[in-house]
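Novice: Residue numbers (the working numbering), protein chains in the order written: chain X, 41 to 349; chain S, 21 to 328.
Everything labelled a hint here was simulated from the structure, so no lab data went into it.
Note that the structure is a prediction, hence the values are computed from the model and not measured.
Glycine included, every Cβ here is placed at the ideal spot set by N, Cα and C.
Don't take every hint at face value.
[Unchecked claim] Now the stretches of chain X that chain S is said to cover, found in silico as 3 or more residues with beta-carbon under 8 angstroms:
1) 61-67
2) 138-149
3) 176-184
4) 198-208
5) 268-275
6) 324-333
[Stated by the list, open to error] Per the computed footprint, the stretches of chain S lying under chain X, defined by three or more beta-carbons under 8 angstroms from a beta-carbon of chain X, are:
7) 55-61
8) 273-281
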Amino acid sequence: MCHKAGMYFNTKRIKIWGINIICYCILLCITFLIIYPYISNTSNAFKSEADLLDKTVVFVPKEFSMDTIRLTLRAMHYQDALKNSFLLSVIVGVLQTLTSAVIGYGFARFRFPGRNLLFSIMIFTIIIPPQIIMMPLYMRFKEFDFFGIIQAVAGQSPNVLNSFIPFIVLSVLGLGLKQGLYVYLIRQFFKNMPRELDDAAYIDGAGELKVFYKIMLPNAIPIMLTSFLLSFSWQWTDNYFTPLMIQDLYNLPVAISSIGNYLLYDIDPIVRTAMMGTGVILIILPILLIYCFLQRFFIQGIERSGIVG
Amino acid sequence: MVKTVKRRLDNLTLKTKKAITGIFFVSPFIFGLVFIYIEAIIESISYSFGKFDENLNNVIIGWDNYRRVLFIDPDFVRNVVESIGTLFVNTAVIIIYSIFVSCLLNRNLKGKGLFRAMLFLPVIISAGVISKIQSYDMVNLFSGISSAGGDVSQVSNALFQLDTMKKHIMSFNIVPQVSGVVAAAIQNIYTIINRSGVQIVIFLAGLQSISPSIYESARVEGASGWEVVWKITMPMLSPLILVSVVYTVIDSFTNANNPIIIKIYRYIMETIDYGLASAMAWIYFLLISVILIAVLATLSRFVYYENR
Numbered sequence: 041m042c043h044k045a046g047m048y049f050n051t052k053r054i055k056i057w058g059i060n061i062i063c064y065c066i067l068l069c070i071t072f073l074i075i076y077p078y079i080s081n082t083s084n085a086f087k088s089e090a091d092l093l094d095k096t097v098v099f100v101p102k103e104f105s106m107d108t109i110r111l112t113l114r115a116m117h118y119q120d121a122l123k124n125s126f127l128l129s130v131i132v133g134v135l136q137t138l139t140s141a142v143i144g145y146g147f148a149r150f151r152f153p154g155r156n157l158l159f160s161i162m163i164f165t166i167i168i169p170p171q172i173i174m175m176p177l178y179m180r181f182k183e184f185d186f187f188g189i190i191q192a193v194a195g196q197s198p199n200v201l202n203s204f205i206p207f208i209v210l211s212v213l214g215l216g217l218k219q220g221l222y223v224y225l226i227r228q229f230f231k232n233m234p235r236e237l238d239d240a241a242y243i244d245g246a247g248e249l250k251v252f253y254k255i256m257l258p259n260a261i262p263i264m265l266t267s268f269l270l271s272f273s274w275q276w277t278d279n280y281f282t283p284l285m286i287q288d289l290y291n292l293p294v295a296i297s298s299i300g301n302y303l304l305y306d307i308d309p310i311v312r313t314a315m316m317g318t319g320v321i322l323i324i325l326p327i328l329l330i331y332c333f334l335q336r337f338f339i340q341g342i343e344r345s346g347i348v349g
Numbered sequence: 021m022v023k024t025v026k027r028r029l030d031n032l033t034l035k036t037k038k039a040i041t042g043i044f045f046v047s048p049f050i051f052g053l054v055f056i057y058i059e060a061i062i063e064s065i066s067y068s069f070g071k072f073d074e075n076l077n078n079v080i081i082g083w084d085n086y087r088r089v090l091f092i093d094p095d096f097v098r099n100v101v102e103s104i105g106t107l108f109v110n111t112a113v114i115i116i117y118s119i120f121v122s123c124l125l126n127r128n129l130k131g132k133g134l135f136r137a138m139l140f141l142p143v144i145i146s147a148g149v150i151s152k153i154q155s156y157d158m159v160n161l162f163s164g165i166s167s168a169g170g171d172v173s174q175v176s177n178a179l180f181q182l183d184t185m186k187k188h189i190m191s192f193n194i195v196p197q198v199s200g201v202v203a204a205a206i207q208n209i210y211t212i213i214n215r216s217g218v219q220i221v222i223f224l225a226g227l228q229s230i231s232p233s234i235y236e237s238a239r240v241e242g243a244s245g246w247e248v249v250w251k252i253t254m255p256m257l258s259p260l261i262l263v264s265v266v267y268t269v270i271d272s273f274t275n276a277n278n279p280i281i282i283k284i285y286r287y288i289m290e291t292i293d294y295g296l297a298s299a300m301a302w303i304y305f306l307l308i309s310v311i312l313i314a315v316l317a318t319l320s321r322f323v324y325y326e327n328r
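Chain X extracted, bound-state conformation (with noise of 0.2 angstroms):
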């Protein structure tokens, strides 16, 4: 009897974990699917350049070098590009999770009239593709104005094109890039807080507004720090919208784009393709360390958003 039990126990304990090694086995070749771009890109930078020209040198050189990584770091200017990217990119995402934040609330608590009609459009600015107001917006910059206010005082309206101030107007006024995906992600979690939260802080006398930045945004977190690491990452790789709005920023992926332009008079080709990788790493480098520190509260915040129920 005893005898059997342990025969049962041992057959169930190998079939979980026969199962449990095809999962690893999956599980690892999806993510090498998913990671093998970049370490071959990794492991290029770091080549010689006969190295790169030898087929059986597959992942780790034979020799180190740092020729590849310095001339890419030469080619594409990049502590310049890399302070221009930070800058705007914490700009715009401190602003554009800020403001979602606050329309979120907004959105998620208060009954108004005309509200869903409201939310609903927030949902239209998701889908309609930014190249359709690409225009439009660059010409409203071109000649910026609020309703006639600074051309009746300065008596022309100033052009404020090739400055941060179109990326700091949008953002405050919730019509970023993709803005409306975070002000979704953080209405769905305000709705999700219970009301007894807010019901209770009011019967001991807080206003709205300190219930809303002593109570619902030290909760909101997680949420919000997921809606950062998103814009932030989105804006520090955005190729559409940034060049058209300031045209002399030179910012990381202008840098890289200005990888190709120099050509350097006698680089073997398979360089040049490697320092293209290069600098793709170098690139997505300073998100990936953001990723590092924040990517628990990233799941954690999409999982709590309430998206699900």
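Dock chain S against the given chain X, drawing on the hints supplied.
Specialist: Here is chain S on its own, set in the frame of chain X:
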């Protein structure tokens, strides 16, 4: 003055007070709509009916742009039909794939947090300029041309001989439609893996929110694993399938690698024919909205809501 305002505010009902606070919170967006967005949309529509003269003023010329897009342009209609076809296939495959992967991740594996983080990685990394470079890279990789040195092509030849694989699958030819879909899925494997990060997280969260007591009672009643999947897991996930389908469609529609979007962008940037580009964009947008509404209407009949 201040006093009277304050007294007025005090006399309001709670409901009106709440409404005013709500509008106060949403006001940045209302302001943005009035100040920028509505005007931009109207302007874009008027561009689609017009043409720029030498002084960059928009002159209304009527339906000419639309006529050119639909009846004169040789590629547009074909491209749109093609892209909608791939959209359907990709969406179906992405949904099935993400349900499958989220089921794997839902098991009690060690290091599943790491896998989860990896699977979500493409969402933040491969966007914008990176996805542009990658899509170019992948084409090279798969066609066997070296992407960064000869070694890469060696590896890719050994690992993913996609074209051969596709030919094999097509040569089975049992059900041509099915093998066509499978072949397309294999060819788009990178697109699918890179675009399903959000969906996997959504399904994973959904799986974790199903209470174990339901499974337990099913097991007590003698349900088999197969029955549990179809009678419990799928119905409980069905609202999320709807959300994921909508997300996938919108994501691929606004994606910068979408061939139609590339075409529109090229018209804006290279030909500077903004009227034609706007007309294209609006036609495509209307089409996708119609498809989205149709899909929503069909799918929502099969969706099961627990609370209802």
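Novice: Give a verdict on every hint.
Specialist: For each hint, the structure was consulted:
no., hint, verdict
1, 61-67, "holds (count 4)"
2, 138-149, "holds (count 7)"
3, 176-184, "holds (count 4)"
4, 198-208, "violated (count 0)"
5, 268-275, "holds (count 4)"
6, 324-333, "holds (count 4)"
7, 55-61, "holds (count 6)"
8, 273-281, "holds (count 4)"
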